[in-house]
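Could you put the whole structure together from the sequences, leaning on the hints where they help?
Given next are the chains, with one letter for each unit.
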Amino acid sequence: MRRIGKKKLVMAVLVLVLLITTIVCFIDVVWGIILFALYALCLCALTVGLLLNKCVKKTNWYKNLFRHTEQFVSNAGYRDNLIRNYEIVNLGSNPALFAFFYENINGQNWSTGSQGLDMDFEILKYFHSYLKTGGTVLIPIMPFTSISPYLKNKPAYWDKSYYAKFAKILDLGYIDRIPELNRSKYFSRFPLLYKPTSLLYLLHDIAPDTRYLISEQPMMAMELEQDANRWIEGWLKEFDMKSLDIPLTEEWKKYYDESVTLLRSMISYCLERNYQPVLICPPMTDYLSKKFPQQYRQAYVLDFVRESNTANIPFLDYTNYAEFQDPALYFNSFFLNLRGRKLFTRRLLKDLKIQ
Amino acid sequence: MEYLQLSNGISIPTQMMGTSICDMKGKKAELFALLERALIYAAQTDTVGFDTARDYANEPLLGKIFSKMYRNKIMRRENVFITTKVGNGQQYLRNMKHEIDLSLKALKTDYIDLWLLHWPLPDYWLDNWSQMQDIYKSGKVRAIGIANCRERHIEMLKQAHLPMPHVIQIEYHPFRTVPSFVALCRKEKIQLEAYSANCLMLPFVKGNPTLNELAAKYHKTVTQIIMCWHVQQGVIPIFRSFNPAHISENVDIHKFTLTDEDMQRIFALDRDYKFHPESLNCPGY
Chain G
6 MRRIGKKKLV
16 MAVLVLVLLI
26 TTIVCFIDVV
36 WGIILFALYA
46 LCLCALTVGL
56 LLNKCVKKTN
66 WYKNLFRHTE
76 QFVSNAGYRD
86 NLIRNYEIVN
96 LGSNPALFAF
106 FYENINGQNW
116 STGSQGLDMD
126 FEILKYFHSY
136 LKTGGTVLIP
146 IMPFTSISPY
156 LKNKPAYWDK
166 SYYAKFAKIL
176 DLGYIDRIPE
186 LNRSKYFSRF
196 PLLYKPTSLL
206 YLLHDIAPDT
216 RYLISEQPMM
226 AMELEQDANR
236 WIEGWLKEFD
246 MKSLDIPLTE
256 EWKKYYDESV
266 TLLRSMISYC
276 LERNYQPVLI
286 CPPMTDYLSK
296 KFPQQYRQAY
306 VLDFVRESNT
316 ANIPFLDYTN
326 YAEFQDPALY
336 FNSFFLNLRG
346 RKLFTRRLLK
356 DLKIQ
Chain E
1187 MEYLQLSNGI
1197 SIPTQMMGTS
1207 ICDMKGKKAE
1217 LFALLERALI
1227 YAAQTDTVGF
1237 DTARDYANEP
1247 LLGKIFSKMY
1257 RNKIMRRENV
1267 FITTKVGNGQ
1277 QYLRNMKHEI
1287 DLSLKALKTD
1297 YIDLWLLHWP
1307 LPDYWLDNWS
1317 QMQDIYKSGK
1327 VRAIGIANCR
1337 ERHIEMLKQA
1347 HLPMPHVIQI
1357 EYHPFRTVPS
1367 FVALCRKEKI
1377 QLEAYSANCL
1387 MLPFVKGNPT
1397 LNELAAKYHK
1407 TVTQIIMCWH
1417 VQQGVIPIFR
1427 SFNPAHISEN
1437 VDIHKFTLTD
1447 EDMQRIFALD
1457 RDYKFHPESL
1467 NCPGY
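Chains as they are written, first to last, in this note's numbering: chain G, 6 to 360; chain E, 1187 to 1471.
Be aware that one or more of the hints could be misleading.
[As the list claims (entries may be wrong)] Derived BS3-like pairs: lysine-lysine, alpha-carbon spacing no greater than 27 Å straight-line:
id	chain 1	residue 1	chain 2	residue 2
1	E	LYS1213	G	LYS12
2	G	LYS13	E	LYS1250
3	E	LYS1211	G	LYS11
4	E	LYS1211	G	LYS12
5	E	LYS1250	G	LYS137
6	E	LYS1373	G	LYS137
7	E	LYS1283	E	LYS1344
Simulated from the structure, these hints should not be mistaken for lab results. For clarity, every value in this text was computed on a predicted model and none was experimentally measured.
Right, dumping it as structure tokens:
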């Protein structure tokens, strides 16, 4: 079937509307005028809506949503961007975004901020050809990675604005086949339509996300302790857990098994294409790491890695690594600051014998 | 024009002309006119192999241009080698019979010389490749193949007990020579075609000292050195140019031969550089 261009379609609709109105005018002038007025009103509303939408796209709220997607060069842009053959890339969520900084090596951080394992895989599938043959793919494992599919049931966390950034960087034809992304594919273009409350940001905007630029620890010891508590409380709320002492019950096993399958697929995917996948737990301050009971780490992290890693790829666990326990390397209890990021990546590349 | 022979005995020109205009800027009518002039010029200068694809959205236009050229006796159908490809959008539908009929109708011909799967689209391509076997047997296509294939795809074909392609088309140029894959193709008697054959003459290609030194040595251009390097090793380069002077330059390569040493110097330029990151065009690739 031939595709009709958008401009032609709009023109055709306008002509049709005018035609109908003119015919109605000939039949009954009053109804004709009413129709004209209605159309004019609709046109005004549409214009105002589009203008407001444009304003929403200029807010920090909107820019923050897509702040960490600019590193991705899509199908439309690769002809003007000749960088290829990355030696190393990483996937992962916020902790990964703030853990890796590639200097003196052709590497790229493929974390967009909040990013589940399933979206890690979609990004890998879409962008992997930028990697060189034999290149390294870092797959970060965080404390809740093993049960993260649970968040699919929590639209408050993985909502349209969460999926929108992935829909923006992936191919439209491709995301048609991923239901979550398909529902969000026009979010980046029409945020007002998807989230009418975004109008409020025109009146009271949020601050721009500049966390990536922070190079020192702004928190004191007590604040770090409070921050670590906040993280734990946040996760407990997010995953509807009462405490971190809970065993891996049948209910959690369902999500756990889903993650195991997904991680195994990601590892196989890399190996089949001659990449070197590496599982990695980035470091965190001991303010936070000590909040995780050993049995939790064993059941939800270490056993998860063991079950998923049937291909026996390298697993590097820096969670309690002494060299990175210094809070001065972080900007809160969890995320490395610019200085910490550089130091940690240097250490990692050395451990991987890449540099 | 010189020819090579495919494993099924079909003759294939040693060079092909690409016809895609989908990444070019400008008004459609002007691009169409440009393509038409270029095709006529190419045919008049003995270029007889043309490469298109459903996704280039120019099959109907080529059909019109070819018909006009047959009518005006610029060339005859039996002397032209037409390659087209079936894209991912069509592969999702899993109906290759329908797709070949659409291509035949658009290109105004009874047969296609070479029909390729544009991508080994995960979860679809093996089934579609299997369907393409029947179409090949029906005579609607004289040869079949796969573009953007890798070793693992060949392995999958073997595991599925499916026939090997007659032709594989990949990005291949002095900066991406995939030696193990080329060896595998030779072993399996698969003819290799090279798209982006001169790596789009990117600045690092144009300015490459080795290529420029060889160009000076043979009194040829860098493009001609690269084209000759392809043809001399039995790989079919697909060049794309709509400028008559450049078309002539691309095909005027048969009056000189690179020495073995110079061939090896060009092979040594390999750095596995892919201009087209495949996964962007075929997620999951």
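These are the hints, each one checked on the structure:
A threshold of 27 Å between alpha carbons decides the hint, and for LYS1213 (chain E) with LYS12 (chain G) the separation of about 15 Å falls inside it, so the pair holds. For a cut-off of 27 Å, the pair hint linking LYS13 (chain G) to LYS1250 (chain E) stands: about 25 Å separates their Cα positions. A C-alpha spacing of about 18 Å is found between LYS1211 (chain E) and LYS11 (chain G), which places the hinted pair at or below 27 Å, so the restraint holds. For the given pair, LYS1211 (chain E) sits about 18 Å from LYS12 (chain G) by alpha-carbon distance, which is consistent with the 27 Å threshold.
Restraint check for LYS1250 (chain E) and LYS137 (chain G): not satisfied, since their Cα atoms lie roughly 42 Å apart, outside the 27 Å limit. Only pairs whose Cα atoms come within 27 Å are accepted, and LYS1373 (chain E) paired with LYS137 (chain G) is accepted, the gap being roughly 25 Å. Note on LYS1283 (chain E) and LYS1344 (chain E): the hinted pairing holds, with a Cα-Cα distance of about 24 Å set against a maximum of 27 Å.
Going down the numbered hints, you'll see the structure goes against just number 5.
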